[in-house]
Amino acid sequence: MKFQFLWFLAGVCVMLFVGWVVFPFLLYERKEQPLQFSHKIHTETAGLTCDNCHTFKVDGRFTGIPTLNKCKECHTDIIGTSPHEKKLVEEYVKQNREIPWLVYARQPQNAYFSNASHIKLANLSCDQCHGPHGTTDSLRAYERNRISGYSRDIWGSSLSGIKSASWDGMKMDDCANCHNKHNIPNTCLKCHK
Amino acid sequence: MNITRREILRFVGGSALGFLLTPIPWKALDDSAIWTQNWPWIPEPSRGDISYKFTTCSLCPAACGMRVRCNGDQPISLSGVSRHPLNQGTLCPIGIVAHHLRYHPARVSRPIRLAGQHGSSRSTTMTLDEALQDIVSAMNDAGSSSQVIAFVDGRPGRTASVLFQQFAATIPHGTYIPISEASLDLLASMVEKPSGLFRYDVDNAQTILSFGVPLLDSWGSPARTARYLEKKSAAKQHLIQVETFQSRTAGMADQWIPLRPGTEAVFALGLAHVILKEKLFRTVSKDITEFETLVSTFSPSIVAEMCGVAPERIKETARMFAMNKPSLAMIDGLSNSREAQAAVMALNLLTGNVGQGGGITVRRELPFTIPLPKNATSSYASLHSIPDHSIRVMIMDESMSGCPVLDVLLQKKLVENGIIVSLSPFVTERPFCTQYVLPPPVFLESAVELSNPYDSESSSFSISAPLVPAPAGVVDPIQFIQRLAMAAGITTLPSGTMEELLKKRVALLYQEKRGTYFDASTGLTNEVKNLSSADDLWKALIAGGSLMNSAEPLKAMPAFRLTEFLSTVDIHTMKSTNTQLMLVPLVEQTVYGSTTISPLMSKVGQESGLRHVGCQVFLHTTTGTELGLADGCRVLLQTHHGSAEAEARFDASIMPHVAAVTNTLNQQKVFSLFEMKNDSSIRPTPVKIQKV
Numbered sequence: 001m002k003f004q005f006l007w008f009l010a011g012v013c014v015m016l017f018v019g020w021v022v023f024p025f026l027l028y029e030r031k032e033q034p035l036q037f038s039h040k041i042h043t044e045t046a047g048l049t050c051d052n053c054h055t056f057k058v059d060g061r062f063t064g065i066p067t068l069n070k071c072k073e074c075h076t077d078i079i080g081t082s083p084h085e086k087k088l089v090e091e092y093v094k095q096n097r098e099i100p101w102l103v104y105a106r107q108p109q110n111a112y113f114s115n116a117s118h119i120k121l122a123n124l125s126c127d128q129c130h131g132p133h134g135t136t137d138s139l140r141a142y143e144r145n146r147i148s149g150y151s152r153d154i155w156g157s158s159l160s161g162i163k164s165a166s167w168d169g170m171k172m173d174d175c176a177n178c179h180n181k182h183n184i185p186n187t188c189l190k191c192h193k
Numbered sequence: 001m002n003i004t005r006r007e008i009l010r011f012v013g014g015s016a017l018g019f020l021l022t023p024i025p026w027k028a029l030d031d032s033a034i035w036t037q038n039w040p041w042i043p044e045p046s047r048g049d050i051s052y053k054f055t056t057c058s059l060c061p062a063a064c065g066m067r068v069r070c071n072g073d074q075p076i077s078l079s080g081v082s083r084h085p086l087n088q089g090t091l092c093p094i095g096i097v098a099h100h101l102r103y104h105p106a107r108v109s110r111p112i113r114l115a116g117q118h119g120s121s122r123s124t125t126m127t128l129d130e131a132l133q134d135i136v137s138a139m140n141d142a143g144s145s146s147q148v149i150a151f152v153d154g155r156p157g158r159t160a161s162v163l164f165q166q167f168a169a170t171i172p173h174g175t176y177i178p179i180s181e182a183s184l185d186l187l188a189s190m191v192e193k194p195s196g197l198f199r200y201d202v203d204n205a206q207t208i209l210s211f212g213v214p215l216l217d218s219w220g221s222p223a224r225t226a227r228y229l230e231k232k233s234a235a236k237q238h239l240i241q242v243e244t245f246q247s248r249t250a251g252m253a254d255q256w257i258p259l260r261p262g263t264e265a266v267f268a269l270g271l272a273h274v275i276l277k278e279k280l281f282r283t284v285s286k287d288i289t290e291f292e293t294l295v296s297t298f299s300p301s302i303v304a305e306m307c308g309v310a311p312e313r314i315k316e317t318a319r320m321f322a323m324n325k326p327s328l329a330m331i332d333g334l335s336n337s338r339e340a341q342a343a344v345m346a347l348n349l350l351t352g353n354v355g356q357g358g359g360i361t362v363r364r365e366l367p368f369t370i371p372l373p374k375n376a377t378s379s380y381a382s383l384h385s386i387p388d389h390s391i392r393v394m395i396m397d398e399s400m401s402g403c404p405v406l407d408v409l410l411q412k413k414l415v416e417n418g419i420i421v422s423l424s425p426f427v428t429e430r431p432f433c434t435q436y437v438l439p440p441p442v443f444l445e446s447a448v449e450l451s452n453p454y455d456s457e458s459s460s461f462s463i464s465a466p467l468v469p470a471p472a473g474v475v476d477p478i479q480f481i482q483r484l485a486m487a488a489g490i491t492t493l494p495s496g497t498m499e500e501l502l503k504k505r506v507a508l509l510y511q512e513k514r515g516t517y518f519d520a521s522t523g524l525t526n527e528v529k530n531l532s533s534a535d536d537l538w539k540a541l542i543a544g545g546s547l548m549n550s551a552e553p554l555k556a557m558p559a560f561r562l563t564e565f566l567s568t569v570d571i572h573t574m575k576s577t578n579t580q581l582m583l584v585p586l587v588e589q590t591v592y593g594s595t596t597i598s599p600l601m602s603k604v605g606q607e608s609g610l611r612h613v614g615c616q617v618f619l620h621t622t623t624g625t626e627l628g629l630a631d632g633c634r635v636l637l638q639t640h641h642g643s644a645e646a647e648a649r650f651d652a653s654i655m656p657h658v659a660a661v662t663n664t665l666n667q668q669k670v671f672s673l674f675e676m677k678n679d680s681s682i683r684p685t686p687v688k689i690q691k692v
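Protein chains in written order, with the numbering used here: chain A, 1 to 193; chain B, 1 to 692.
Don't read these hints as lab results, they were simulated from the structure.
We put the beta carbon where it would ideally sit given N, CA and C, even for glycine.
Treat the hints with caution; some may be incorrect.
[Unchecked claim] Distance condition first, Cα-Cα at most 20 Å in a straight line; then the derived SDA-like pairs of lysine to any residue: (1) Lys603/B to Thr187/A; (2) Lys277/B to Met252/B; (3) Lys70/A to Met655/B; (4) Lys412/B to Ser643/B; (5) Lys87/A to Leu102/A; (6) Lys57/A to Ser521/B.
[Unchecked claim] Just the calculated beta-carbon pair ranges, DEER-fashion: (7) Trp35/B to Glu32/A: 22 to 30 Å; (8) Asn110/A to Asn324/B: 47 to 55 Å; (9) Thr43/A to Arg69/B: 29 to 37 Å; (10) Gly47/A to Trp39/B: 42 to 50 Å; (11) Gly80/A to Gln74/B: 32 to 40 Å; (12) Pro66/A to Arg364/B: 51 to 59 Å; (13) Lys232/B to Leu48/A: 54 to 62 Å; (14) Ala234/B to Gly149/A: 39 to 47 Å; (15) Gly149/A to Asp73/B: 45 to 53 Å.
In isolation and in its complexed conformation, chain B is listed as follows:
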């Protein structure tokens, strides 16, 4: 039988029709789509028994209690512990996905040296010994040239902090720089005898006057926002947010007072003027006559002209603050000038809020196992007291906040060939001119202590427990500092691992038999004195518990001085700038700031906020139109300190005559446009904007 070409074609045609009537194309298509879910590089949680463990979040000082759901030994989800005394079951968005940080793409798990210019991503791995050799060599150079070796600590009050202090006190030109709440540190220097660590008693305040503090956004435990909203609905708390922008906190506050940028000090002194004039003050400072003279020029009408707030509103705010007690004035220490901080603290002192519940109360420092050296305080320095270009070696602790303002200030203090050693597990934009990254274990991989969260009523102590092993190659910060000391020929630093040192501290806390401890597994709070041994307290703390000291008794208002901290506020100089177009930095203070977060957090961000758009300047529509600009056009920003190209965006939430600049790619670059004062604050700066 001869098969013709035409018959073959007919057979193929029939096969093609038959093919479509079979499951082959449809099933293969369906299965191929599912196959994409099973690509080998997609991480899969291991399979195993589900179990629950408890720990404490160590990403910020809030010390939130966490319940960790584990599959086998692998943490797969986190949730708050409902009866925990500090967070009452809540977690912030960063905390909820904190277990992802182990897999963060920017994570490094062995020491590296960053090469090339500042911000370069070219890196070479190295051993810890090699890094130590280089650092010691740089320290020796610094010693011979009287340059400073600085230890920058983002969370003072830890065992690691004491080691930093010991080291700084032992070596020549060693300086320990604790980064804490600057405004409260300033308050401590304004009063004569501070009797403990100052803290804002936000929960018990009736009126809160907040100067740019992101109270309902990223300040303290997320439980605070829930408590505030509850109190707000019951009209038990009144929040007045004073801020140039309508931040999230400003949007949720009872009142938002928009100020012209840089006039916070003037506004606060305007309030002080009203309080003094209407005799609403409760306490008298030692230099009240001089202070009255100083604020006499800050009448509501003059302040109104400078700040852009109506005189009546200034008077009403002052009266509410002074009469609706207890009241509390707070200020963000990083983005405000030292005078503004002093002026706001003066409001608290004038109205008798210091030492009063609902105002500024005190709590004690928890005891340390390692004694502080006698000359430790001589090596302390606040950031503003360090001269510019004087630090040769800067060792930055992991706990440094991801605030770009702070990064720029630190960079300003560094000498030209200075080096930064970052104890950070991530290489992101942050370690802008870091030469050495010595990565510590990340959250859940090592024991980390958390003492005295800034919003807890009394002193507290918690431990973030290691639930998973750390990868080989990471550097334990305690061991790093001990080995660095050895390499530098210092033998006085105490030995022992982090866990051993923590156990000693817990034993010391147990000996005090003071306050209560929270047991995370039962959700119960018990007296410390009922525990039979320090080991029992350790077991409770390492299993997600928290030690809560009893609150310190309220103390009488201390004597204080005001004028010397405010004498530099020059109303006449400020007056001359109030009609100019002022450039201010738009720094994201929320969870989308510079903190390293899980990439999955992108699901809760707006797409526009996640996109890398480079430099942008936001202007009110009227300001933009006056300058002849259009929304989206390219402009050139020119200040006395530099110039930069940016994209102009019109935004009604920006005040007229204000230009808010941001750069999602390089926030540090933005700050080069600004004037920086000796008090290490970035000041609003006059700017010229023209279309490119």
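With the rest of the complex left out, here is chain A:
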């Protein structure tokens, strides 16, 4: 009787291991960014602030990830010793080729999200949704969901859906929860135009 129960329990345990440990490895495809970038060096050593690169346009729109033109303002030539900077100058700046960044927070086409209104009207800080990304020394691998095609950051780090921080997950539920918390209307056309 005792062994009979053990076989059943072994089945449960094996499947739990496969589901919680093996499955995430299979589900997410890890991709390295085309170039390494240190927010830390740019903010601490170069003395830049976030809005030096992540700017708002004159009409109020947020520019998001800066284009190559912004990089060119300082890196028309190699000014340091980093191999990543060398790669930036030789492969992108000199060839005038945009860097194909893999965007962790990219939302689906059917969702309309305005950084400007969240920062300027709701007074949210960047790290509320993006975490301590602005202080990192290197860019972590981008994890692409093989089925949906979206970044792992959209679902959140844990497959259980349990959030460890406010920036852990950017699903519709996460948006709706925050809107509910602050009594902001949650109508469909608010995000889906």
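Got chain A sorted already, so can you dock chain B onto it with the hints?
Using the frame of chain A, we list chain B on its own:
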């Protein structure tokens, strides 16, 4: 250790339970649902910097200013330009999604030949040279048999129009048929010396008497509806809609006068009778005595009996129209008879509305770079003057409206083996018997000029700018006509691309230094004379601007004649039909008409209106009950001209003794049931309806 079958089953059972406690099924299900959003054939806008450009909508002559939001180079949304002199920030539902037309499923991007019977969708692609060869051959055949080669132009007044006219004037049996506002053309022939292009001055009218004109629906710029509602709330404008059906305009008007179908001319002459009898007229025509004799038989009591409108209401309407000035009578030229148009225009002439602000004013034709040939006018023809079955080759411009009535009339003019060459980018139901489709670029892909929108106060000129490249294989209409001329051995047509010809016209407009231009990027209006060169004017126009000429000064009422245009109105014949069940066509004149629109427009339509239900006949409940029908039953419609099966639908908005027929699948088929007069209008026709 021996593993038994039972132990394996226990392990599998445990795994199944464990499986449900893992994220595998739930996450896979969720991700699979999201995966459907990313199927490779779902179009995605390209990513890039957001920028804004300005242009002018070219889908209809209203010439609305547009702000185009682009992602990279791709237009992704459109909105109105708030200070634009013509549309004041508004756009119609079709215009808002006009950038989708590039991807329309019915679009073709290379010349095709449609094979088989009329309306066949079987097509073969061909080169432009092959198409030209076939068309020239058909033109040569026509020349030898004295059949007509017709150029049908839906928007006269453009550079392309002048090329059409030149071509028509040069070849034997060539005819240029401009499709313009028929009622105003008729008015021009009623007065002795028309001093410009007539236009309805709707904005400044105090009383508007509209005979079926979809004023608040699809006529002119959408800003008009907003202006009307504003004036209505301030009691500054009074709209009387005279129409058999309660259209959207009728529903929003101050008064709706439902008429028995086909009695518009009688009603208008009834009003003229009251105006003359009560001495409310302002001007005297040269044939007033004959006209008085003619309308003497149209007393309110007789007219009331025929039209189904109370005599008192006829008198009140006549008094309001004549006394609450400025007033304006308008009529839809396509769905009304020539007599009805003449009768309505007679009201304007009698009450002195022509040449008066708030009535019918004039504006000038803008100059052309290409001179019109001296014999150009001899090749002009109005649609009604072309004999039936006489056109061998018909070249239809893209700008032809999608009105099914017009399609049927054109088809009637064609000889049995005639061919239609359609310069349309879409193959839909419209080119009903087209053999050749030579698709031009669509909106946003080429420069298109827009001059003199029908509701602008003064002459104006705008250009729809090419913001995206056209696909290879499309046919530029200007180049088509030039190459066709070359193939036909004509060398007198001017050369140059559309852009080059437009630049020359803009230079000519600049030389006049007349009026103002609107700069879309700044929202400011400046004097043309302050510009330093024609190139500056071109840059302003190609960037969504608009040139507005100063308004023409009002002129004295011209001398006119009435009787000869109305002598065919026979009250006695009409009297005999007023108790019969009359069949009328139910033609959708709104945005859901036959115009090619973005499929996304289906979101703003009622499901019942979008469904293809075939032939339907709408009857008032009492009429249906009298005929022993039930709502939804199948019936047979029989007229002297044909018969058709239809589904009977009861609708309280239809007048008693009227049967309104429509066919969402084949509107042209419906028209075969009707009587068509020589004036090319479709007349209400007596019908017998019986249950199948």
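Does Ser521/B sit within 20 Å of Lys57/A, going by the straight-line distance between their CA atoms? holds, 17 Å
Gly149/A paired with Asp73/B, Cβ distance criterion 45 to 53 Å: At roughly 25 Å between Cβ atoms, Asp73/B and Gly149/A fall outside 45 to 53 Å, so the hint is violated.
Just tell me: holds or violated, for the beta carbon distance of Ala234/B and Gly149/A against 39 to 47 Å? Hint violated: Cβ distance 56 Å, outside 39 to 47 Å.
Hint consistency between Lys603/B and Thr187/A [alpha-carbon to alpha-carbon, up to 20 Å]: holds, 18 Å
Pair hint outcome, Lys87/A versus Leu102/A [Cα-Cα no greater than 20 Å]: Holds, at roughly 17 Å.
For the hint 42 to 50 Å, verify it against the beta carbon of Gly47/A and that of Trp39/B. Once the Cβ atoms are compared, 47 Å apart, the range 42 to 50 Å for Trp39/B and Gly47/A holds.
Verify the CB-CB distance for Trp35/B and Glu32/A against the hinted window 22 to 30 Å. holds, 24 Å
Range first: 32 to 40 Å. Now tell me if the beta carbons of Gly80/A and Gln74/B are that far apart. holds, 37 Å
Holds or violated: Lys277/B and Met252/B, Cα atoms, limit 20 Å. Distance of about 32 Å is beyond 20 Å: violated.
Range hint compliance [Cβ, Pro66/A to Arg364/B, 51 to 59 Å]: holds, 54 Å
Does the alpha-carbon distance linking Lys412/B and Ser643/B stay inside the 20 Å limit? holds, 18 Å
Is the gap between the beta carbons of Thr43/A and Arg69/B within 29 to 37 Å? holds, 33 Å
Taken one by one, the earlier hints fail for this structure at numbers 2, 3, 14 and 15, listed in ascending order.
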